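Undergrad: Okay, here's what each chain looks like letter by letter:
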Amino acid sequence: MLKKILTGNEAVAEAMRQINPDLVAAYPITPSTKIPEKFSEFVANGEVDTEFIPVESEHSAMSACLGAAAAGARAMTATASQGLALMHEVLVNVSGLRLPIVLANANRALSAPLSIHGDHSDVLLERDSGWIQLFANSPQEAYDLTIQAFPIAENLKVRLPIMICFDGFETSHLATNLEILPDAKVRKFVGETKVINSLFDFKNPITQGAYTNPDYFFEVKRNQMEGMENAKKVILEIGKKFKQLASSKNYSKHIEEFETKDAEIILVIMGSASGSVKEAVKKLRAKGKKVGTIRLRTFRPFPAEEIVEVLSSAKTVGILDRMIPLGSEGSVLFNEVNSALFSVNCELSTVNYIYGIGQRQFNPTHAEEIFEQLEKGKTPKINFVNLQK
Amino acid sequence: MTAYNRICEKVTEDVSHPTEIDVAILLDTTLISNHEITNTELSKNLKKDSALLINTSQKVLKNINSEKIFAINASEIALKEIGKDIPNVPILGALVRILNLSKLKDFSQSLAIYLSSHLPAEVVKGNLRAFEHGFNEVREITSEKNKVKNTSKSLPSWRDIPLAATIRKNKCSDNYDTGNWTRRSCKWNSKSCINCSLCWPVCPHDAIKTDSQGNMTGVDEAKCTACGLCVTVCPTKPKSLALVEKQEVSI
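Quick note, the sequences are listed as chains A and B, same order.
Our numbering puts the first residue of the first sequence at 1, with every later residue one more than the last.
Our numbering puts the first residue of the second sequence at 1, with every later residue one more than the last.
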């Protein structure tokens, strides 16, 4: 195991170098620019065999990936915010065609007003695009999950594209000491591409993406849903296999629990701010408060069973969302968790906290205040953390 | 722009902006006006005994409310040793000294390993010399604290924000001098200028001043960012436009 100082973006680019995909097509956008920048350096230095296409837009980037993957190639790209939004039309085509493409996204706010800073509004808008979505909370996890991505996506029970989501700046630009696996081990772990349905198999010519009538479309989509459902198991299988490479890592669950065993108040969160919540939990535990937190690593498929199991023993649950709810009763994670709890008739009090919008500061003190507010009770359903009142 | 560093004995997962900062570094004094220094998020998060490390040539500073101020002319060192105004490494040398993080030689060796993986050997050598200068030449300076004025404005409430962040004030861009965040400025020589106007369309900041007949009358220093595009296209020999070092903005 090699120790290296890398930023989140550099760590993802390093994983991409080790995977050595057939194609990378990308268009630079803050805060993920460093990924294609670094990767094009690897291409120029002859460190990878990848075909690198500096396309003219994100729509073209995803289209190039789609074409390559349909031909049986391994295709990767990186983007953020408006770039992901511009890919949208192709994203749903990719998942419908069951193409195992890997996309690294540095989570960033969507315009307008223009913001280059982090929040989850870009990736959460793609929650129903049929892509597997894994949320990393650190450069190390972004690296680890990028390596696990192809084995998950290419699994024949899954065959779905996968998005590795990590927070813009807080993870993409965070330089930390990383554990980098040897190239040979990564290549063996990722293995050879499982080519099925290749457009380049001229002996067995096929058509992909053809028109379907009302008597057929529904069944195809239901089948796609099954791939996503199967991903729940496969993600954990690959995670356990990854542990054999890097024993210090634990990817055996979709969620990471912290001090939840006897906790009466639990905060639910995704992404880099989970570290700040953990700090607050440590501090309050030292004062004897029964508090805990869980962090979702897998968001799509939504790990409802795991979440319900942990939360059902709590009294109050605060759900932290990094996306502004516009017209819905609370934001995305809040609704997902609520619906999971309601379907098993859990009588818990749940409260939504909107934080970190456009990278508004969120530190352990804010998390502590949330715990204190929940302990007192009588809170509005939706709350805004560190908003100018 | 602000950036933060944590030096921890144990791995921490907390990546929020720290609130009890030991040392705040001001890398570029041209980017910030004097009242802002004491009112930024960074300064508000300083502890009582924390230090301020400033990239400056000045010996006495006005309007800075800090007990401990250190100064290093990092830009000058960088220009001398690496030929570019990239003051990060000499500032790092000063920081290592102030915080007593490591011995000069030990840190220098680690820095050489890190920089060598990113930069050519020649540039690494220059950076190591710059690091040593920073380490050795950092000095404590005084401040005239009594002149500190709190001129900070609090942010508007979400209820008072103009719809969709619309800017309604006319000629609002005049309030934002694009030319004040550069260490260089563009000088015009009226004697050699042939009024060809080639510089006018390439200027991204509309800083080439002309009279009603279209004859060039000078460079608008409030708008010029010293990008040098006009100098590149200027056809006269010698060139009628040149980049010169600007006097450091007073802080």
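Because the hints were derived from the structure by calculation, they are not lab data.
Among the hints, a few may not be true.
Label-pair distances were calculated between CB atoms; the ranges are [stated by the list, open to error]:
hint	chain 1	residue 1	chain 2	residue 2	range
1	B	ASP22	A	LEU387	43 to 53 Å
2	B	LYS169	A	ARG285	49 to 59 Å
3	A	ILE324	B	GLU13	41 to 51 Å
4	B	ASN5	A	LYS233	19 to 29 Å
5	B	LYS10	A	ASN250	15 to 25 Å
6	A	LYS376	B	PRO204	51 to 61 Å
7	B	ALA3	A	LEU387	16 to 26 Å
8	B	LEU198	A	PHE52	29 to 39 Å
9	A	ASP49	B	GLU67	19 to 29 Å
10	A	SER198	B	ALA164	41 to 51 Å
11	A	ASN386	B	THR232	42 to 52 Å
12	B	LEU155	A	ALA184	45 to 55 Å
13	A	HIS88	B	ASP22	43 to 53 Å
Some chain B residues close to chain A (C-beta under 7 Å, calculated; not the full set) [said to hold, decoys possible]:
hint	residue
14	VAL15
15	GLU20
16	TRP158
17	ALA165
Taking lysine-lysine and the DSS-like style, the derived pairs with C-alpha atoms no more than 27 Å apart in a straight line are [stated by the list, open to error]:
hint	chain 1	residue 1	chain 2	residue 2
18	A	LYS287	B	LYS47
19	B	LYS191	B	LYS125
20	A	LYS38	B	LYS84
21	B	LYS105	A	LYS3
22	B	LYS103	A	LYS282
Just so you know, these numbers come straight off a predicted model, no measurement behind them.
For every residue, glycine included, the Cβ atom is placed at its ideal position computed from N, Cα and C.
Undergrad: Now, for every hint given, state plainly whether the structure supports it.
TA: Hints, verified against the model:
1. For the pair B:ASP22 and A:LEU387, the beta carbons lie near 29 Å from each other, so the given range of 43 to 53 Å is not met.
2. At about 51 Å, the CB distance of B:LYS169 to A:ARG285 agrees with the hint of 49 to 59 Å.
3. At about 25 Å, the beta-carbon gap between A:ILE324 and B:GLU13 misses the expected band of 41 to 51 Å.
4. Between B:ASN5 and A:LYS233 the Cβ separation comes to about 41 Å, which falls outside the hinted range of 19 to 29 Å.
5. For the pair B:LYS10 and A:ASN250, the beta carbons lie near 18 Å from each other, so the given range of 15 to 25 Å is met.
6. At roughly 55 Å, the beta carbons of A:LYS376 and B:PRO204 sit within the given window of 51 to 61 Å.
7. Taken as a hint, the range 16 to 26 Å holds for the pair B:ALA3 and A:LEU387, whose Cβ atoms sit roughly 24 Å apart.
8. Distance hint check for B:LEU198 and A:PHE52: the Cβ-Cβ separation is about 37 Å, which falls inside the suggested range of 29 to 39 Å.
9. Checked against the hint of 19 to 29 Å, the C-beta distance between A:ASP49 and B:GLU67 comes to roughly 58 Å, which is inconsistent with it.
10. Distance hint for A:SER198 and B:ALA164: a CB-CB separation of about 48 Å, consistent with the stated range 41 to 51 Å.
11. The hinted range of 42 to 52 Å is satisfied by A:ASN386 and B:THR232, whose Cβ atoms lie roughly 46 Å apart.
12. At roughly 53 Å, the beta carbons of B:LEU155 and A:ALA184 sit within the given window of 45 to 55 Å.
13. Here the CB-CB span from A:HIS88 to B:ASP22 is close to 45 Å, well matched to the stated 43 to 53 Å.
14. Contact between B:VAL15 and chain A, as hinted, is supported at the beta carbon level, the nearest pair being about 5 Å apart and thus within 7 Å.
15. With a cut of 7 Å, the hint placing B:GLU20 at the interface with chain A is violated, because the nearest CB-to-CB distance is about 11 Å.
16. Checking B:TRP158 against chain A by beta carbon gives a least distance of about 6 Å; that is within 7 Å, so the hint holds.
17. Against a cut-off of 7 Å between C-beta atoms, the interface hint on B:ALA165 holds, since the closest Cβ of chain A lies about 4 Å away.
18. Distance restraint check for A:LYS287 and B:LYS47: the Cα-Cα separation of roughly 25 Å lies within the 27 Å cut-off, and the hinted pair is therefore satisfied.
19. Annotation: proposed proximity of B:LYS191 to B:LYS125 is violated, straight-line Cα distance about 42 Å (limit 27 Å).
20. Between A:LYS38 and B:LYS84 the alpha-carbon distance is near 23 Å, which keeps this suggested pair within the 27 Å criterion.
21. Between the alpha carbons of B:LYS105 and A:LYS3 the distance comes to roughly 22 Å, so the proposed pair stays at or under 27 Å and holds.
22. Distance hint between B:LYS103 and A:LYS282 is unfulfilled; the C-alpha atoms sit about 35 Å from each other, more than 27 Å.
Violated hints, listed in ascending order, are 1, 3, 4, 9, 15, 19 and 22; each of the other numbered hints is respected by the structure.
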